[in-house]
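Enquirer: Chains as they are written, first to last, in numbering that gives the first Met the number 0: chain A, 0 to 129; chain B, 0 to 129; chain C, 0 to 129; chain D, 0 to 129; chain E, 0 to 129; chain F, 0 to 129; chain G, 0 to 129; chain H, 0 to 129; chain I, 0 to 129; chain J, 0 to 129.
To be clear, the hints were calculated from the coordinates, so they are not data collected in a lab.
There may be inaccurate statements among the hints.
In the DSS-like style, the derived pairs of lysine-lysine whose C-alpha atoms are separated by at most 25 Å in a straight line are [unchecked claim]:
no. : chain 1 : residue 1 : chain 2 : residue 2
1   : J       : 35        : I       : 61
2   : A       : 61        : E       : 58
3   : J       : 35        : I       : 35
Below are the chains, spelled out letter by letter.
10 protein chains.
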Amino acid sequence: MPTQSSKILETFANPHWQRDYTIHIRIPEFTCLCPKTGQPDFATLFLDYVPDKLCLELKALKNYIWSYRNEGTFHETVTNQILTDLVQACPPRFMRLRAEFNVRGGIYTTIVVEHQAPGWIPPMPVHLPS
Amino acid sequence: MPTQSSKILETFANPHWQRDYTIHIRIPEFTCLCPKTGQPDFATLFLDYVPDKLCLELKALKNYIWSYRNEGTFHETVTNQILTDLVQACPPRFMRLRAEFNVRGGIYTTIVVEHQAPGWIPPMPVHLPS
Amino acid sequence: MPTQSSKILETFANPHWQRDYTIHIRIPEFTCLCPKTGQPDFATLFLDYVPDKLCLELKALKNYIWSYRNEGTFHETVTNQILTDLVQACPPRFMRLRAEFNVRGGIYTTIVVEHQAPGWIPPMPVHLPS
Amino acid sequence: MPTQSSKILETFANPHWQRDYTIHIRIPEFTCLCPKTGQPDFATLFLDYVPDKLCLELKALKNYIWSYRNEGTFHETVTNQILTDLVQACPPRFMRLRAEFNVRGGIYTTIVVEHQAPGWIPPMPVHLPS
Amino acid sequence: MPTQSSKILETFANPHWQRDYTIHIRIPEFTCLCPKTGQPDFATLFLDYVPDKLCLELKALKNYIWSYRNEGTFHETVTNQILTDLVQACPPRFMRLRAEFNVRGGIYTTIVVEHQAPGWIPPMPVHLPS
Amino acid sequence: MPTQSSKILETFANPHWQRDYTIHIRIPEFTCLCPKTGQPDFATLFLDYVPDKLCLELKALKNYIWSYRNEGTFHETVTNQILTDLVQACPPRFMRLRAEFNVRGGIYTTIVVEHQAPGWIPPMPVHLPS
Amino acid sequence: MPTQSSKILETFANPHWQRDYTIHIRIPEFTCLCPKTGQPDFATLFLDYVPDKLCLELKALKNYIWSYRNEGTFHETVTNQILTDLVQACPPRFMRLRAEFNVRGGIYTTIVVEHQAPGWIPPMPVHLPS
Amino acid sequence: MPTQSSKILETFANPHWQRDYTIHIRIPEFTCLCPKTGQPDFATLFLDYVPDKLCLELKALKNYIWSYRNEGTFHETVTNQILTDLVQACPPRFMRLRAEFNVRGGIYTTIVVEHQAPGWIPPMPVHLPS
Amino acid sequence: MPTQSSKILETFANPHWQRDYTIHIRIPEFTCLCPKTGQPDFATLFLDYVPDKLCLELKALKNYIWSYRNEGTFHETVTNQILTDLVQACPPRFMRLRAEFNVRGGIYTTIVVEHQAPGWIPPMPVHLPS
Amino acid sequence: MPTQSSKILETFANPHWQRDYTIHIRIPEFTCLCPKTGQPDFATLFLDYVPDKLCLELKALKNYIWSYRNEGTFHETVTNQILTDLVQACPPRFMRLRAEFNVRGGIYTTIVVEHQAPGWIPPMPVHLPS
Ligand SMILES: [Ca+2]
Ligand SMILES: [Ca+2]
Ligand SMILES: [Ca+2]
Ligand SMILES: [Ca+2]
Ligand SMILES: [Ca+2]
Ligand SMILES: [Ca+2]
Ligand SMILES: [Ca+2]
Ligand SMILES: [Ca+2]
Ligand SMILES: [Ca+2]
Ligand SMILES: [Ca+2]
Ligand SMILES: [Ca+2]
Ligand SMILES: [Ca+2]
Ligand SMILES: [Ca+2]
Ligand SMILES: [Ca+2]
Ligand SMILES: [Ca+2]
Ligand SMILES: [Ca+2]
């Protein structure tokens with residue numbers, strides 16, 4: 000039986016919750032509909048997060064992304080909405096979502112939204128010479 | 000009122016039908032569904048043709064491409080089907096369709112299909128030194 | 000009826016004004032005239048901003064950019080002028096405009112101008128290891 | 000006094016008319032108007048030719064290209080028209096024009112048109128190993 | 000239950016057997032063992048074929064490729080062997096296999112093998128100007 | 000006699016332990032098995048460290064990496080595990096491991112984990128103009 | 000009458016002197032002579048500055064750059080000399096010159112020199128997430 | 000004592016004159032003057048030839064190329080002139096010169112000229128699958 | 000005991016001598032000495048061949064390439080010499096050697112040499128649409 | 000008479016010692032021997048420094064680099080040794096050496112070492128918007 004698009008996100012226990020570490024995810028296959036014209040919009044999503052107690056399960060994440068396929072929504076709204084949903088599902092220490100939309104009318108648009116858990120302090124970055 | 004996805008292709012009279020010349024079209028926003036799993040498939044389409052009496056109208060072409068958004072179809076089938084439809088709409092002297100699908104299971108697949116009008120002889124290519 | 004070039008910028012309410020988030024816009028199709036020679040100049044514009052209460056509407060932005068097509072103006076002047084107009088239209092928390100002009104006389108020129116709202120404090124950037 | 004856009008092409012005597020040799024020209028700054036919507040279109044032109052008795056003068060060519068800036072014309076029409084004009088100005092042994100238009104509606108279009116002088120035989124290309 | 004590596008290739012009926020058309024497949028995840036040292040070897044496989052009555056099923060192909068994971072075999076041998084197996088599974092009109100191995104000892108090696116069905120005549124390629 | 004995959008890491012005395020300096024290592028040939036499906040996973044590993052008294056011996060490191068070839072393990076787990084093992088083998092002043100996994104289900108995943116020795120202070124980076 | 004190479008730099012009034020903004024200039028056509036061998040040296044110059052009351056006029060800048068064509072001078076000397084001349088001509092708030100010389104004897108050399116006006120404080124950079 | 004620019008080309012005996020083989024030379028440092036404006040022009044030269052009894056000596060070739068540094072000459076003229084000089088110096092079986100000039104007025108120009116010795120038949124190219 | 004540089008090439012029996020197939024080898028680590036100045040020269044070698052009864056053993060090939068490390072030899076001579084040696088060691092149906100030397104004096108040189116066995120007819124290349 | 004490899008580094012007086020400025024040098028032609036196997040190792044060196052009273056003379060630097068051609072030495076050792084020698088020759092305000100070694104056994108290694116003169120304070124970097 001085929002899998003289905005779904006708004007339900009799933010998680011699993013972070014196997015190394017003692018450490019701050021980073022998970023980077025790239026999803027080039029996001030598509031939704033323009034609420035004004037009804038035509039398809041396409042974007043690549045970049046998700047970066049520092050997990051706390053939970054990690055996002057990738058197969059459910061894929062189905063969640065798929066659930067926007069036939070929804071009409073603006074660029075700014077959908078990017079903020081996805082971040083809000085992901086933060087609620089696996090309350091992370093930090094999360095950033097970048098949505099890089101395909102060109103429309105000769106204009107390229109990208110939206111970047113972030114969430115930081117109250118009280119969480121980002122690690123001082125270590126810059127090794129390179 | 001929003002435009003709609005549509006199977007209807009439109010054409011206009013080739014303004015320079017006396018000459019063999021070439022129209023190259025790239026469409027990075029093709030998506031359909033996998034007939035086995037129901038999940039979305041994504042591809043970039045490359046269409047090259049030598050028009051005869053008619054040229055393809057781009058806005059209708061976009062709506063035609065859009066009409067596959069919620070259809071389940073295999074890679075080999077849909078590529079052949081699109082070529083067949085385009086050839087019927089604007090019987091060209093020559094047409095080639097290349098569908099470059101996104102990776103699935105670690106495998107990248109591309110399908111290339113061609114049509115040549117009976118009696119049409121391809122021009123001898125002129126290779127200038129470069 | 001065709002749309003028209005226009006100096007009028009339009010806006011819409013920022014759907015997530017509670018958050019500082021970023022909108023990146025790239026416009027590769029800017030052209031104006033050189034005020035000395037009357038010849039066309041070409042540039043790519045990069046606009047980055049943190050919206051406050053209002054976001055820029057993209058279709059009106061496109062028509063605004065188009066309005067420079069037959070105006071004579073210097074690189075430094077036009078880049079500053081566009082920033083000033085955009086800031087006035089949607090007073091943002093922060094805005095940066097980068098204008099990358101095409102080569103002239105073997106020289107490539109790029110102008111970068113910024114605006115920061117009084118009292119707005121840029122977020123401390125979070126640098127995740129990558 | 001500023002130079003002006005102009006439909007007049009100028010030529011000079013080919014300094015080496017005894018030989019078949021090739022001139023490649025790339026013009027990234029072509030712009031005209033869409034005859035349906037009145038909005039600007041942008042393209043890069045690639046011109047390759049084998050001169051006969053005359054060569055195209057580049058400054059006049061630039062002004063000629065500039066003359067389309069405020070004309071409404073379709074992709075297929077303008078590409079064929081430019082080739083026809085250039086062929087008439089400097090009747091060449093061979094000429095090819097490629098017009099690579101910017102993306103519109105998620106679709107990238109390129110038109111390629113050629114002219115070959117009657118009786119001129121393209122040189123057998125010499126392929127050196129590389 | 001997990002899938003398994005397997006030497007069994009599966010096929011399905013070519014939906015457009017009347018036409019010569021081309022299927023390109025890229026598999027960046029091939030690995031086997033060096034028969035001399037027992038150490039892992041890695042390669043990217045490029046498979047191009049013109050199907051006849053049968054097409055290769057991709058999931059079974061993936062499992063077949065996987066079956067070499069713990070086999071010791073030389074570059075020249077394994078490339079020829081895979082081609083032979085694929086040809087036997089879906090006797091194609093034409094098939095080419097390119098195996099691009101990772102660098103060893105400062106040397107990069109690539110093997111290319113082809114099969115052409117007796118009596119099949121490759122189509123005259125149509126070179127459109129570009 | 001062939002070498003073997005092995006969990007044993009080897010080290011040698013850091014020849015310049017007086018200085019903080021950096022060793023960057025890239026390993027494009029990591030592969031393990033997915034614990035859910037049993038199928039192969041592939042990744043490129045990027046290891047950066049500041050050695051203390053010991054440096055990692057590369058041949059043993061290669062055999063250690065090789066030892067995961069037939070183990071089933073999740074992305075987050077294996078990346079943390081490798082870092083832990085390497086830190087134990089050559090207790091470094093600082094170490095970062097980045098595991099860039101191949102695409103699965105249209106999603107690209109990368110995990111980044113760091114270790115910093117207690118009391119070690121990263122050098123103030125010197126940024127020369129460039 | 001042809002223009003001439005010249006040591007005279009020209010300036011014009013900065014149209015937006017109230018703001019700190021940035022002008023980036025790239026000049027790929029710098030050439031001078033090696034004072035030891037007399038042979039030509041080639042470099043690409045990258046000039047970045049924050050204007051104060053004056054901006055550099057580009058045509059005079061081009062002629063100034065051209066004036067080095069037949070001068071013998073070392074890499075370190077000429078880069079410092081050009082910066083000194085440009086700073087004197089249009090005393091800027093900040094200026095950086097990078098000279099990227101072509102390979103000689105298998106070695107690639109780049110020189111970077113900066114000037115900062117006394118009392119001028121560089122703006123705190125605003126790093127938007129991207 | 001410094002070397003000097005020079006019109007004198009030098010040659011040496013082809014060590015393998017029995018074979019047709021190919022020498023490819025790229026010279027990114029060609030510069031001359033525009034005969035109309037006196038301003039510098041820049042180009043990259045690509046020279047490919049099949050030597051007969053003589054090969055071109057590279058140091059003398061460099062000095063020959065250098066000799067155009069202060070000469071005023073058109074693109075078409077200088078490319079043909081250099082080919083003629085090189086052919087006279089080392090009469091080759093085949094020679095091709097490609098001069099890729101830097102952009103001027105938004106237009107990029109490249110000239111390609113060839114010479115083939117009477118009676119010399121180009122080798123049938125061997126195309127190995129790749 | 001360390002391996003040694005060596006002029007001795009080794010071979011093994013071609014496991015698929017019935018077929019014409021292609022072996023591509025890239026060796027980025029070739030170095031010899033300039034016979035005039037004694038200074039090091041560096042090149043990347045590209046070797047393509049169709050084996051007959053024998054294939055080249057890679058480890059011995061590496062040692063053979065290494066044997067030129069302290070020899071003084073001209074570009075044209077050494078490229079022809081290596082081809083001659085390799086042809087003698089494993090008489091192939093076809094072999095091509097390309098030596099791409101590092102820039103010297105601003106000039107990039109590449110030599111390409113081929114050998115074809117008497118009586119061997121290159122396969123008609125099959126060009127699949129792509 | 001040919002030049003020779005040499006351990007002797009030469010310097011010249013820094014023509015602008017009053018300023019902190021930066022010299023970047025890239026040397027793609029470093030080679031030494033592996034002390035274990037005797038086989039050649041290859042690397043690209045990146046040297047960045049802020050000169051004090053002395054600058055490194057490039058021809059002597061090239062001969063110094065050349066002197067490692069037949070020495071056996073480990074990656075970590077040779078990188079530290081070269082930095083130490085260069086620092087001693089021209090005591091700089093700051094120096095960084097990056098040695099990027101060619102792949103061995105599927106592993107890419109890079110070593111980065113720095114020296115900072117006691118009491119020298121790195122300049123606060125000026126980040127212009129770009
Ligand atoms: Ca969009
Ligand atoms: Ca995209
Ligand atoms: Ca794609
Ligand atoms: Ca697919
Ligand atoms: Ca541009
Ligand atoms: Ca374009
Ligand atoms: Ca290998
Ligand atoms: Ca690979
Ligand atoms: Ca994966
Ligand atoms: Ca230089
Ligand atoms: Ca030019
Ligand atoms: Ca150039
Ligand atoms: Ca090289
Ligand atoms: Ca050389
Ligand atoms: Ca190494
Ligand atoms: Ca390298």
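Enquirer: Run every hint past the structure and note whether it holds.
Expert: Against the structure, the hints:
no.: 1; hint: J/35 with I/61; result: holds (17 Å)
no.: 2; hint: A/61 with E/58; result: holds (20 Å)
no.: 3; hint: J/35 with I/35; result: violated (33 Å)
Consistency note: the structure conflicts with earlier hint 3 alone.
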